[in-house]
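So the protein lines, in turn, are chains Y and X.
The letter at position 233 of the first sequence is residue 532 when you use the numbering used here, and the numbering goes up by one with no holes.
The letter at position 493 of the second sequence is residue 502 when you use the numbering used here, and the numbering goes up by one with no holes.
Honestly, the hints are just simulated from the structure, not real lab data.
Hints may contain errors.
Stated by the list, open to error - Covered, in the sense of this in silico footprint (three residues per stretch, anywhere, with C-beta under 8 Å from a C-beta of chain Y), are these stretches of chain X:
# : region
1 : 311-317
2 : 362-372
3 : 420-428
4 : 475-482
5 : 536-548
C-beta atoms are modelled at their ideal positions from N, C-alpha and C, and glycine is treated no differently.
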Amino acid sequence: MAIVLVLVLIVVGSVLFHLLSPWWWTPIASNWDYIDNTIIISFWITGIVFAAVVLFMAYCVFRFRHREGNRAAYQPENRRLESWLMIATAAGVTALLVPGLFVWSRFVNVPSEAANIEVVAQQWQWSYRLPGKDGKLGTSDTRVVSAENPLGIVAGDPNGQDDIVVEAADLHLPVGKPVKVLLRSIDVLHDFYIPEFRAKMDMIPGSVTYFWFTPTRTGTFQVLCAELCGQGHPLMHGVVMVDTEQDYLAWLGQQQTFAQLSAPKQTASANQPSEKTMASSLDVAAKLETLEAR
Amino acid sequence: MVDVTPADAVPPAEVAEMELYHPHSWWTKYVFSQDAKVIAVQYSATAMAIGLVALMLSWLMRLQLGFPGTFDFITPEAYYQFITMHGMIMVIYLLTALFLGGFGNYLIPLMVGARDMVFPYVNMLSYWVYLLAVLVLVSSFFAPGGPTGAGWTLYPPQAIMTGTPGGQDWGIILMLSSLILFIIGFTMGGLNYVVTVLQGRTRGMTLMRLPLTVWGIFTATVMALLAFPALFVACVMMLLDRLLGTSFFMPAIVEMGEQLQHNGGSPILFQHLFWFFGHPEVYIVALPAFGIVSDLISTHARKNIFGYRMMVWAIIAIGALSFVVWAHHMYVSGMNPYFGFFFATTTLIIAVPTAIKVYNWVLTLWRGDIHLTIPMLFALAFIVTFVNGGLTGLFLGNVVVDVPLSDTMFVVAHFHMVMGVAPILVIFGAIYHWYPKVTGRMLDETLGRFHFWITFLGAYLIFFPMHYLGLMGVPRRYAELTDMNIMTESAHHLNSFISIMAFIVGFAQMVFLFNLIWSIRHGREAGGNPWRATTLEWQTPETPPAHGNFGKELPIVYRWAYDYSVPGAKEDFIPQNVPGSFGPSREPA
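The following block holds chain Y by itself, in its conformation from the complex (with noise of 0.2 Å):
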């Protein structure tokens, strides 16, 4: 009989923990909050079916447990029942998948106003290109990087030239103005996610992938890369500001271009390509270290 009282408490048990327990979503700081929605939804669908099926349960061993003399009714099948209860699932899953085939339809078709922002990921580190003041991306080869073209950026695309790059650094984005971040890796697979804004997606060397949001409130975010990909994986962190307007233009105005970037150095800068090319004659052990020590 333990077991009846057991399987009521896990119910109960387990509707109180959902209501009580402090840990739940960090607070949304993206549009996605239809998704936010679609999850509660499905809480609510699958916590009723949960406690349905384990309560009848629990009635059903407490009431029919044996007892002296008991014998089991005969009863093969009964069509109608099944089909009654067929229908009931097929309905609770169409509930489930309307809304969420609906909200998909909106993740997967980014409006025309959003501005494109690449993220480049590699073994472990973020870095981000911004289209220039032409609006657009420059074409891109995981063949042709470098030391000096850490992101591999043609060179003779002209749209490239006035692309910023920003190399393993933060990145900002301004507040309200929705974003399409076009994923591209250069080693290994990635997956660029914050949680806050709850949408992520893998990023593949060899093709570039995406997604789209617009950040809702300022702050500052973690990055965390979500696809195993290596040793270094669990401190593969990144940090995006979402700034207001007036912000974002005073970061963007601090960046350089890649023809800034990659023109013949003068004296000021004339310690970075020997450091650059000591970056890329690193081991995995090393890389790990520098890693360990941010």
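Add chain X to chain Y, keeping to what the hints say.
For chain X alone, coordinates are given in the frame of chain Y:
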């Protein structure tokens, strides 16, 4: 409609019986045995031994997650090796091998009324190739660089690169080789199970009289024979990429500042191949559990399984549908996002036949005569954890809901609940149920109940709260959870709690293993049919059954497997091989 074959209308035997190979020595009887029952025990013992390794690896992982920074020897490198080996062993070398190689071998010939598998020699080879696969896998622990740390999904490019443990050492090569061997061994066994079910049934054993255990194992085996080839080719292609420098899965890559020689390959092709195998694999583990738990519930509730025909069709429907849902593992993989509409729809449709199975288990309890034996307790616990894990699958299957949750601890909690805990609870229930047939003795009741309560409640307390860490955004596969802005102090405490529960649950399994060994000699004598069950394995002349299973005459089947509590019958069960109608039998046609 009454479906009891009258005693004088039994169909004649179609072919004469063939002579079995009879062992001549201790070696051919117990080691190189061709008896499916011995092979079953060999498979089960090997699977449990390697499973124990995987269990211990999970402790090491939980040490690191629960108490970060305390255990210096668990480097990120070691941590990734632990998770990879834990996952691969549990899914392939334990669950698949135990359900199909273990239960399949033991139960199929006995339950369908055959003397042995149809190809006993190939069946023997199947085990030895499986053992070789396990040894190759284990050898990677001792190879230079250690086992692979690529995660059990082995996604390229990282699986064969320097930044991943074992990527440029022996680890990944041994892992891929071991999988290839496993698939070869499985194919030999799998063909046997399928042919035996289709061709080896005794007289009167129609397909619609098969116990659901056989239906589950049979369908899972057919699926495995169709799904494993995808993994096989993926392994071969990755081996070629790693050893010969081909570029099946490898595009142009700059690794640590150095241009690699690869060009033009597609990492996502591997993911499609892997999950074309990987998703059916979930049901390859689940369907035998579905079948077995149906028989446990029916036997111990003394009531026929509710809706037998629907149960059979649900198994087949789930098996078929599971081949068109694989890309729900890849919603955020960067594949064409429009695939999401299709795969979300198919994935949620599969919930319907699955739900029907759950209803029918619960409705079997309704107006039953429920004996709360240990197998029944495990069956009830299975329903709870399976429903829980199945319902969270509706979150992850529903494409847009998967976006925030994928690659978080929510996924870890979901798949452990639904394909870790739930099938293993069935395995335990099944071992308590069939151990008396295998050894002739009962497992100790007190130890069994202790094992049950700790395992069931402990596992629920581990995995239920874990979902909420994922909801918070805590990613999976993080060797270190330091400097995570989203994680509150209390979330770290929750991790410590989960780890402590994991150690306790693991300890309870040692009690179970002790019980398994101790009861061989000291258990209560069981007799031939301690649960008063209807299926043929309980009607053998000897217990444990001798080679050939059924003595001189093969049994003849007159009725379905679920004639419990038939009105008018004296006993509350009528074995399948007992002729004669008792009252208004209403077995479905």
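inquiry  = Closer than 8 Å Cβ to Cβ for three or more residues is the test here. Does the region 420-428 of chain X pass it with chain Y?
reply    = Since three or more residues must qualify, the claim that chain Y covers the region 420-428 of chain X is violated, with 0 doing so at under 8 Å.
inquiry  = Taking beta carbons only, do three or more residues of the region 311-317 of chain X come closer than 8 Å to chain Y?
reply    = holds (count 6)
Chain Y over the region 536-548 of chain X, status - at least 3 residues with CB closer than 8 Å = violated (count 0)
request  = Confirm or reject the coverage of the region 362-372 of chain X by chain Y under the rule of 3 or more residues with a beta carbon closer than 8 Å to the chain's beta carbons.
outcome  = holds (count 7)
Annotated coverage of the region 475-482 of chain X by chain Y, confirmed only when three residues or more have a Cβ within 8 Å = Three-residue rule met by the region 475-482 of chain X, so holds; n is 5.
Consistency note: the structure conflicts with the earlier hints numbered 3 and 5.
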